[in-house]
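Protein chains: 2
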Amino acid sequence: MKSSISGFPEFLPNEQIAFNRAVSIITHHFEEHGFVPMDTAAVERVSTLLAKGNDNEIYGIYRLADENAAKKDLGLRFDLTVPLARYVSENSGQLIFPHKRYQISPVWRGERPQYGRYRQFYQCDIDIIGEGELSIEHDAEVISIIIEILRALGVPKFHTKLNNRKILSGFLITLMPEDKITAVIQLIDKLDKITPEDFDKALAELDIASENIAKIKNFLDVEKRGNNDEILQILKGYGFNETFKKGVEEIETVLKILKKININDNFVKLSVRLARGLTYYTGNVFETEFDDFKDIGSISGGGRYDNLTTMISNKKFPGVGATIGISRLIPKLIEQGIFKADKYSTADILVTTQNREYIGSYMSLAKKLRKAGLKTEIYLQDKGLGAQLTYASKKGIKLVLIANELELLDERAIIRNLQTKEQKIIRTQFIGHDVADMLK
Amino acid sequence: MKSSISGFPEFLPNEQIAFNRAVSIITHHFEEHGFVPMDTAAVERVSTLLAKGNDNEIYGIYRLADENAAKKDLGLRFDLTVPLARYVSENSGQLIFPHKRYQISPVWRGERPQYGRYRQFYQCDIDIIGEGELSIEHDAEVISIIIEILRALGVPKFHTKLNNRKILSGFLITLMPEDKITAVIQLIDKLDKITPEDFDKALAELDIASENIAKIKNFLDVEKRGNNDEILQILKGYGFNETFKKGVEEIETVLKILKKININDNFVKLSVRLARGLTYYTGNVFETEFDDFKDIGSISGGGRYDNLTTMISNKKFPGVGATIGISRLIPKLIEQGIFKADKYSTADILVTTQNREYIGSYMSLAKKLRKAGLKTEIYLQDKGLGAQLTYASKKGIKLVLIANELELLDERAIIRNLQTKEQKIIRTQFIGHDVADMLK
Numbered sequence: 009m010k011s012s013i014s015g016f017p018e019f020l021p022n023e024q025i026a027f028n029r030a031v032s033i034i035t036h037h038f039e040e041h042g043f044v045p046m047d048t049a050a051v052e053r054v055s056t057l058l059a060k061g062n063d064n065e066i067y068g069i070y071r072l073a074d075e076n077a078a079k080k081d082l083g084l085r086f087d088l089t090v091p092l093a094r095y096v097s098e099n100s101g102q103l104i105f106p107h108k109r110y111q112i113s114p115v116w117r118g119e120r121p122q123y124g125r126y127r128q129f130y131q132c133d134i135d136i137i138g139e140g141e142l143s144i145e146h147d148a149e150v151i152s153i154i155i156e157i158l159r160a161l162g163v164p165k166f167h168t169k170l171n172n173r174k175i176l177s178g179f180l181i182t183l184m185p186e187d188k189i190t191a192v193i194q195l196i197d198k199l200d201k202i203t204p205e206d207f208d209k210a211l212a213e214l215d216i217a218s219e220n221i222a223k224i225k226n227f228l229d230v231e232k233r234g235n236n237d238e239i240l241q242i243l244k245g246y247g248f249n250e251t252f253k254k255g256v257e258e259i260e261t262v263l264k265i266l267k268k269i270n271i272n273d274n275f276v277k278l279s280v281r282l283a284r285g286l287t288y289y290t291g292n293v294f295e296t297e298f299d300d301f302k303d304i305g306s307i308s309g310g311g312r313y314d315n316l317t318t319m320i321s322n323k324k325f326p327g328v329g330a331t332i333g334i335s336r337l338i339p340k341l342i343e344q345g346i347f348k349a350d351k352y353s354t355a356d357i358l359v360t361t362q363n364r365e366y367i368g369s370y371m372s373l374a375k376k377l378r379k380a381g382l383k384t385e386i387y388l389q390d391k392g393l394g395a396q397l398t399y400a401s402k403k404g405i406k407l408v409l410i411a412n413e414l415e416l417l418d419e420r421a422i423i424r425n426l427q428t429k430e431q432k433i434i435r436t437q438f439i440g441h442d443v444a445d446m447l448k
Numbered sequence: 009m010k011s012s013i014s015g016f017p018e019f020l021p022n023e024q025i026a027f028n029r030a031v032s033i034i035t036h037h038f039e040e041h042g043f044v045p046m047d048t049a050a051v052e053r054v055s056t057l058l059a060k061g062n063d064n065e066i067y068g069i070y071r072l073a074d075e076n077a078a079k080k081d082l083g084l085r086f087d088l089t090v091p092l093a094r095y096v097s098e099n100s101g102q103l104i105f106p107h108k109r110y111q112i113s114p115v116w117r118g119e120r121p122q123y124g125r126y127r128q129f130y131q132c133d134i135d136i137i138g139e140g141e142l143s144i145e146h147d148a149e150v151i152s153i154i155i156e157i158l159r160a161l162g163v164p165k166f167h168t169k170l171n172n173r174k175i176l177s178g179f180l181i182t183l184m185p186e187d188k189i190t191a192v193i194q195l196i197d198k199l200d201k202i203t204p205e206d207f208d209k210a211l212a213e214l215d216i217a218s219e220n221i222a223k224i225k226n227f228l229d230v231e232k233r234g235n236n237d238e239i240l241q242i243l244k245g246y247g248f249n250e251t252f253k254k255g256v257e258e259i260e261t262v263l264k265i266l267k268k269i270n271i272n273d274n275f276v277k278l279s280v281r282l283a284r285g286l287t288y289y290t291g292n293v294f295e296t297e298f299d300d301f302k303d304i305g306s307i308s309g310g311g312r313y314d315n316l317t318t319m320i321s322n323k324k325f326p327g328v329g330a331t332i333g334i335s336r337l338i339p340k341l342i343e344q345g346i347f348k349a350d351k352y353s354t355a356d357i358l359v360t361t362q363n364r365e366y367i368g369s370y371m372s373l374a375k376k377l378r379k380a381g382l383k384t385e386i387y388l389q390d391k392g393l394g395a396q397l398t399y400a401s402k403k404g405i406k407l408v409l410i411a412n413e414l415e416l417l418d419e420r421a422i423i424r425n426l427q428t429k430e431q432k433i434i435r436t437q438f439i440g441h442d443v444a445d446m447l448k
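One line per chain: the protein sequences are Y and Z, in this order. No gaps in the numbering here: position 372 of the first sequence is 380 in our numbering, and each next residue is one more. No gaps in the numbering here: position 314 of the second sequence is 322 in our numbering, and each next residue is one more.
This list has only true hints and no planted wrong ones.
The list makes no distinction among identical chains, and a pair is therefore deemed to hold if it is satisfied within one copy or across any two copies.
With a Cα cut of at most 27 Å, we get these calculated DSSO-like pairs of lysine-lysine:
{"id": "1", "residue 1": "K448", "residue 2": "K379"}
{"id": "2", "residue 1": "K268", "residue 2": "K391"}
{"id": "3", "residue 1": "K376", "residue 2": "K432"}
{"id": "4", "residue 1": "K391", "residue 2": "K323"}
These are calculated hints, taken from the structure and not from any lab test. Keep in mind that this is a model prediction, so the values were computed, not measured.
One chain only, chain Y, in its complex shape (with noise of 0.2 Å):
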C-alpha cells in the first residue's frame, strides 16, 4: 500500500485482488445471513453530520468556482451508522423490519494520518434495525456472523469481550451522581493505556472518594474471577438495580444462545472493563482483538443502540451493529502471509498470439475457453512468443496457449501449465474441460 496523498492509500494489483477476495468472503457471509446490500450517498447534511460528529474530522464539500466555499452545507460522511438512521428515518415506510442490512464503504477523516489510520478507509458494517422493539437475540446473531467471517477470512486466534453498558451504569450510579458516569465510563475505556496510578489520580479529579475508587477497581477486577458462567453468577449476587439486573440478563441470553452453537468461552469472554468510546450505546457492547498483533487494536467492534434515530426522527429504531476494520485486518493478514497477495492477474490462462492476420482466430479462442469456465485473458501486443511468456509468469498466469497459423489451421494448439511445465496439444474444436483440468 502506498499513499499518493498523505491518508489516502491505494493498493497494487496484487494487493488489489487479495483486498477484493476478502471483501467478497465478508459479503457471502452476510448475504447468506440474508443482510440485504445498502449504499448511502457518501455525501451527507453537515447538520446530520454533526449530530454525532465533530467538525475536526468532518470534511465539508464545495464547488471550487464558489465563492462561498466555507457555507457548511453538505459533507463527506464519517461513518456508516449515521447514514443508516438518517436513511431508515426516511425510508422507514417502505422497509421492511427487523431491516438487516450491510454496507461496505469508504469513510473519510480528517485526522492526522498516523500508522493504521487514514483520512480515508472502508468501513464494514452490519446492522440489524427494528420498529419500535428489537429482540436482544439479535446480538447473539451479529457477534456469532463476525466470529463466523474472522475465522473464514484464516484470521488467527483472537478473542472478543462482551460487556453491557447497563452493567457498567447500573453499578456506577450506586457511588455517583448520573452527570459523571459517562466521564468515567471513558476512563474506563482508557484503563489499558495509562498507568493504574494515572487511573486513580484521573477519578480523584472527577471528584471521586477514594473509597469509592477502591471499589471500582475492585469490581473491574471480577473479570478475573473465574469463567463467563462464574462471573454471571457473582454479578447475579450483586443484583444493584434494576438497570444492573437488565444488564446481566441480556450478556446471559446472548452467552446461552452462542454457547448453544458452539462459541464458548475461549472465543467470547465477559468483561465488565469493556466501555467502548461511542457514546451512543446503551445494551451489549463488544469488541473483538487479535491474540498477537495488538498493534492494530480492535479488528471489530459493536454493540446495540436503542435511541440512535431519536437524533433525526421521534419514532425510536433500536439497533444492533458490528464493524470490521477491514482497511486494518486485511493488510495485517496480507503482511503476516495469512492471506495470500501473490497474483497481479485474474486471468487463468494467458492466449499467446504470433500472427497478426489471425487476431480475430485466437480472439474467438479466447472465448470458447471462456465458455468452458476459465478466466482467460489475451496478449495482443506485437512482440514474439519469449516476451509473451515472460508476461504470463511475471503476472502470476499459470496456463499458457500456444498456436502458430499453421496450427490454427489444423485446429491444434499446445496448452503449457507455467509452473509445472507440463504441456498438451488439444484439439481447439473441443476446448473446454480438457484445459481446465490442467488448471488443478
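Starting from the known structure of chain Y, fit chain Z onto it as the hints suggest.
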C-alpha cells in the same frame, strides 16, 4: 430511487439488490478477460483534477473546523480516467504492461441535478494501458467486451457507433487551419441535437466558407452510403492525407476482428459523424445507444487516448478504454422490467422461531442450512408464526422452516414453499439437499 439530498440518489433494498446483481455480472466479465480490480482514493489533488476538469463541476474538500476553507488543495474525483492516468504514472515501475484494469466507483460533479444527471454517480470503466505503445487490436477487445456485457445484462436492441478522430481531423485539415478543428468537431458532436440551419450558421460563425460547409455535410453523409465495408472503400478512395489514411486503417483493423468474432454490422456501425466530446481521444472512438429509450443518451462509450498521462508524466502511456453508464442504464433496465428488482431479501429460506428457550437450536438449524448452500435468515423477534410468515412473504423469501418445541426435540421440521404452498416434513439431522431441491 430517491434522493435525500438533491442529486445524490439512493436505492431501496430491492433496487440495490438488482443493481448489485448487475454489477456482479459486469465484474465477472471484466475479470474473465483478465482485467484486475483497481480502487483509487476518492480524493485527488486539485491540481491533478484541474488538468482535465473545470472548477465549475469539481468539488473541493476541507475540514469543517478549518478557517481557511477555500485553499483548494484536495478535491473529489469527477471521473475515473484522470485518477487512472495519475496512478499509472506514479506506479509504473510496479505495474505489468499492458496494464488491464477495471474500476467501478462513484464520482462526484457539482452540476445542477436534472433527469439522468446526478452529483454522485457510478462510473464503470475498463482501460488497457501500454508502456510506450499499445496495439490497435486492443480497441477491438474493449468494444467486444462491452457488447458482450450489454448482451449478458439483457440490454435490448442497441448499436455501437465507431469512428476515428484521425478521420475527422484528417478530413477537416483539408478545409481549414488546424486551430479550428476542435471547435468544428465539437459542433459535429451536437449535430443530432440542432437543426441543419443552426449547424450551418454555427460553422459560418467560425468563418468556414459556404462551399466548405457543403463539403463537410457531404462528407458526414458518407455513412449513409452502404454497409461498413462499402463505407470503408469510399473512405479509402478519399485518402486525403496520411492522418486520414491511418484513421481508416485503424478502423479497418477493428472491424475485421469484430467480424471474425461474430460482431457484425448490426452491432457496430461506422459513423464518421461520431465525435464524442472529450478532448483527450486521439484515435478510435465509439459509443453505444439503445435503439429505443433514446432519452437516456449513450449507455456506453470510449476510445483511444495516446497522450493522457503526458499531463502528469513525461513518459508515454497510450490507452484505450470504455465506460458503462450503470447509474443510468441499470435503473432504466429495472424500470422497463428487463432486469427484475422483485427481491427484498438475499435469503432463500427463513427459519421461523416459536420458542424463546430454543433460539440456539433454531440458529443451529440455520447454520446447517447454510452449510447446504442455502442463504438462510432467522427470525428472532418475539412474534407469532403468522407475523413471521407475512415477513417472509413480504420480503420475497421463498421457503420457511417451521418447528415447534416438540418437533425440535424430535429432530423434525416442516419446510414450506410460500409460493407453491408445497410442504414437506424433514429430519433435521440430515437437513440439506432435500431443502435445496424445494428452491427450484
